[in-house]
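Chain order of the listed sequences is A and B.
If you're matching positions, the first sequence starts at 1 in the numbering used here and goes up one per residue.
If you're matching positions, the second sequence starts at 357 in the numbering used here and goes up one per residue.
Warning: the hint list may mix true and false statements.
[As the list claims (entries may be wrong)] The list that follows gives simulated cross-link-like pairs (lysine to any residue, SDA-like), each with its CA atoms no further than 20 Å apart:
| # | chain 1 | residue 1 | chain 2 | residue 2 |
| --- | --- | --- | --- | --- |
| 1 | B | K638 | A | G159 |
| 2 | B | K607 | A | P218 |
| 3 | A | K102 | A | G159 |
[What the hints assert, rightly or not] Pair by pair, the computed Cβ-Cβ distance ranges are:
| # | chain 1 | residue 1 | chain 2 | residue 2 | range |
| --- | --- | --- | --- | --- | --- |
| 4 | A | Q17 | B | N468 | 50 to 60 Å |
| 5 | A | K302 | B | L448 | 36 to 46 Å |
| 6 | A | S95 | B | D689 | 42 to 52 Å |
| 7 | A | G184 | B | S451 | 50 to 60 Å |
| 8 | A | A262 | B | A464 | 48 to 58 Å |
| 9 | A | K351 | B | N468 | 27 to 37 Å |
Rather than coming from a laboratory, the hints here were simulated on the basis of the structure.
The beta-carbon is built from N, C-alpha and C at its ideal position, and this holds for glycine as well.
So the chains spell out like this:
There are 2 protein chains.
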Amino acid sequence: MSNQLKNDRFLRALLRQPVDMTPVWMMRQAGRYLPEYRATREKAGDFITLCQTPELACEVTLQPLARYPLDAAILFSDILTIPDAMGLGLELIESVGPRFKKPVGSKAEIENLPMPDPEDDLGYVMDAVRLIRKELDNSVPLIGFAGSPWTLATYMIEGGSSRDFSKIKTLLYSEPETLHLLLGHVATAVANYLNGQIHAGAQAIMIFDTWGGALSGPAYREFSLAYMQQIQDKLDREYEGDRIPIILFSKGAGLWIEDIAATGCDAMGIDWSQDLGEVRAKVGANVALQGNMDPAVLRASKAAIRSEVGRILASYGEGSGHVFNLGHGITPDIDPKHAGVFIDSVHELSKPYHTH
Amino acid sequence: MSNQLKNDRFLRALLRQPVDMTPVWMMRQAGRYLPEYRATREKAGDFITLCQTPELACEVTLQPLARYPLDAAILFSDILTIPDAMGLGLELIESVGPRFKKPVGSKAEIENLPMPDPEDDLGYVMDAVRLIRKELDNSVPLIGFAGSPWTLATYMIEGGSSRDFSKIKTLLYSEPETLHLLLGHVATAVANYLNGQIHAGAQAIMIFDTWGGALSGPAYREFSLAYMQQIQDKLDREYEGDRIPIILFSKGAGLWIEDIAATGCDAMGIDWSQDLGEVRAKVGANVALQGNMDPAVLRASKAAIRSEVGRILASYGEGSGHVFNLGHGITPDIDPKHAGVFIDSVHELSKPYHTH
Numbered sequence: 001m002s003n004q005l006k007n008d009r010f011l012r013a014l015l016r017q018p019v020d021m022t023p024v025w026m027m028r029q030a031g032r033y034l035p036e037y038r039a040t041r042e043k044a045g046d047f048i049t050l051c052q053t054p055e056l057a058c059e060v061t062l063q064p065l066a067r068y069p070l071d072a073a074i075l076f077s078d079i080l081t082i083p084d085a086m087g088l089g090l091e092l093i094e095s096v097g098p099r100f101k102k103p104v105g106s107k108a109e110i111e112n113l114p115m116p117d118p119e120d121d122l123g124y125v126m127d128a129v130r131l132i133r134k135e136l137d138n139s140v141p142l143i144g145f146a147g148s149p150w151t152l153a154t155y156m157i158e159g160g161s162s163r164d165f166s167k168i169k170t171l172l173y174s175e176p177e178t179l180h181l182l183l184g185h186v187a188t189a190v191a192n193y194l195n196g197q198i199h200a201g202a203q204a205i206m207i208f209d210t211w212g213g214a215l216s217g218p219a220y221r222e223f224s225l226a227y228m229q230q231i232q233d234k235l236d237r238e239y240e241g242d243r244i245p246i247i248l249f250s251k252g253a254g255l256w257i258e259d260i261a262a263t264g265c266d267a268m269g270i271d272w273s274q275d276l277g278e279v280r281a282k283v284g285a286n287v288a289l290q291g292n293m294d295p296a297v298l299r300a301s302k303a304a305i306r307s308e309v310g311r312i313l314a315s316y317g318e319g320s321g322h323v324f325n326l327g328h329g330i331t332p333d334i335d336p337k338h339a340g341v342f343i344d345s346v347h348e349l350s351k352p353y354h355t356h
Numbered sequence: 357m358s359n360q361l362k363n364d365r366f367l368r369a370l371l372r373q374p375v376d377m378t379p380v381w382m383m384r385q386a387g388r389y390l391p392e393y394r395a396t397r398e399k400a401g402d403f404i405t406l407c408q409t410p411e412l413a414c415e416v417t418l419q420p421l422a423r424y425p426l427d428a429a430i431l432f433s434d435i436l437t438i439p440d441a442m443g444l445g446l447e448l449i450e451s452v453g454p455r456f457k458k459p460v461g462s463k464a465e466i467e468n469l470p471m472p473d474p475e476d477d478l479g480y481v482m483d484a485v486r487l488i489r490k491e492l493d494n495s496v497p498l499i500g501f502a503g504s505p506w507t508l509a510t511y512m513i514e515g516g517s518s519r520d521f522s523k524i525k526t527l528l529y530s531e532p533e534t535l536h537l538l539l540g541h542v543a544t545a546v547a548n549y550l551n552g553q554i555h556a557g558a559q560a561i562m563i564f565d566t567w568g569g570a571l572s573g574p575a576y577r578e579f580s581l582a583y584m585q586q587i588q589d590k591l592d593r594e595y596e597g598d599r600i601p602i603i604l605f606s607k608g609a610g611l612w613i614e615d616i617a618a619t620g621c622d623a624m625g626i627d628w629s630q631d632l633g634e635v636r637a638k639v640g641a642n643v644a645l646q647g648n649m650d651p652a653v654l655r656a657s658k659a660a661i662r663s664e665v666g667r668i669l670a671s672y673g674e675g676s677g678h679v680f681n682l683g684h685g686i687t688p689d690i691d692p693k694h695a696g697v698f699i700d701s702v703h704e705l706s707k708p709y710h711t712h
């Protein structure tokens with residue numbers, strides 16, 4: 001499929017193959033900063049309905065691509081679809097965030113969790129992937145995604161967002177085997193779900209480990225990275241003749257980049273605390289890097305945005321292996337024109353780094 | 357003064373001089389996890405009154421020392437005393453956190469900020485230091501502290517706690533000179549304040565940079581570390597014949613430890629994401645290290661606490677230069693007995709590392 005793509009810059013950069021300019025997309029690019037997104041969300045009524053209606057999920061996925069020359073689309077969905085499919089009862093409460101009606105905690109509750117089937121229980125996601133692929137018509141590749149088992153488990157045990165992860169860390173240090181039971185179950189569910197997305201048409205996969213950075217080094221390796229490795233080992237990394245690159249992104253994991261690279265992933269998400277040039281020197285021979293501008297820069301002047309894009313391109317240096325992105329999702333307060341300046345600056349300023 | 361101390365293990369470890377066992381204290385050791393603290397706070401009426409009444413601040417400072425064989429006391433106060441003394445109007449709102457009635461943002465507002473005098477405007481802190489030193493009667497050393505200019509500026513500009521620091525980062529990327537103006541003013545105020553504490557009797561100084569880790573590397577160096585360096589260069593590092601060690605603690609700054617060590621500080625606070633042994637290998641010849649157990653471990657079993665203490669001691673290895681601490685403040689939900697197990701475990705398990 002990918003060799004029919006009109007723009008395969010993103011996939012080529014993930015595989016460290018030559019490109020004409022650095023590809024760029026933005027985490028949460030289909031989001032509230034776009035007035036057309038807010039209109040569709042209003043039409044849907046609420047966020048969960050928007051995720052669960054393939055036609056609407058497809059519509060918002062494509063919106064930023066109509067505005068900007070982005071090099072990839074990313075499935076519009078939420079990382080919490082999997083625990084929801086396990087029966088935890090997802091609610092999204094305005095200005096509070098996600099909440100589960102039935103969080104888990106005991107060994108018995110964990111043992112009783114069902115194993116969702118991608119097509120039977122999460123068919124709305126698979127349908128959205130198929131529909132988006134059809135509508136994209138091979139213009140740019142589609143990224144599928146899921147949350148990491150550790151990150152999903154924080155919501156499943158805390159019952160929602162958390163500041164200090166008190167319940168899950170108590171479990172981690174008091175009953176590590178119970179937590180391992182949960183993480184193993186979630187890892188299998190995530191692997192099935194991502195393979196479902198690949199079979200439905202996702203051309204690259206990203207695993208979001210938003211909360212891995214809240215752990216100590218040994219705990220990160222044992223309770224977060226090990227389960228991303230399990231998933232990766234189960235994924236169809238070749239599908240219908242195409243290579244499906246995998247991007248792992250643990251936010252706040254700058255101290256553990258060698259460990260992440262050693263999993264054999266194709267690329268790593270890099271947050272803005274890290275220096276791309278230093279990361280490349282350490283692991284760039286083995287993996288591509290995706291990142292890493294602080295999304296706060298998009299609130300500054302257009303000149304400041306260009307300058308920061310230039311600094312980051314220079315830090316990575318010449319050649320392929322870099323997918324430009326923000327270090328975290330774009331926030332709702334950003335002026336869409338500033339996002340446009342960001343994307344254009346990446347393309348324009350990166351050309352001199354790809355002349356060989 | 358320090359040579360009259362009954363227990364100078366903490367100061368010796370900060371200066372990397374031999375000790376009989378690893379000294380230990382806990383960030384926020386005078387805090388809500390202690391029933392006697394909650395009683396004094398109720399007597400005071402509110403948190404700000406507790407900070408501003410030297411007798412009560414002294415009382416709570418000493419409470420954990422009556423319970424546990426801690427190797428240091430830390431002044432009970434708040435990092436926001438300085439912006440409050442600049443007229444921003446500190447309020448503490450239950451379950452929301454600190455708020456300023458008059459946050460700053462414009463160049464004119466920043467230029468009009470007064471420069472607090474430690475004795476005239478923050479005399480209640482200086483009085484607390486003098487009273488605590490008297491009551492401690494040279495049993496253990498007293499740590500004075502302040503927030504870093506960057507961290508204080510986040511509260512002064514955002515008006516309170518923040519998730520993504522949108523206002524201050526907009527200023528940083530749009531009007532860096534305005535932010536530098538504020539940071540320079542705050543740095544002078546912090547230096548004056550800390551020298552005031554030293555003259556009143558503080559025997560070591562810690563600078564808390566709670567939010568430095570929210571920045572990119574170049575922004576961290578320019579907007580946070582540079583101002584901690586300014587302060588350090590102005591501090592009286594010898595006072596009445598005693599060396600006053602300085603500890604810098606930027607949470608989430610694990611990628612920049614060489615930069616922090618290069619400031620010439622005596623010691624660095626280390627959060628739990630870092631491996632003490634690795635940090636020691638990089639910078640341990642020049643600075644002492646303070647940390648770094650995840651406070652969440654205190655919620656686990658006593659056996660788990662001992663095991664984690666043992667792991668961290670082994671990671672640092674033999675010899676002096678390590679002050680044991682948590683990687684962040686102890687939380688209100690901790691059983692005081694568990695804190696006791698932590699402290700005793702450090703003393704007991706560290707002896708074999710100090711036999712030479």
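Can you name, in rising order, the numbers of the hints this structure does not satisfy? 1, 6, 7, 9
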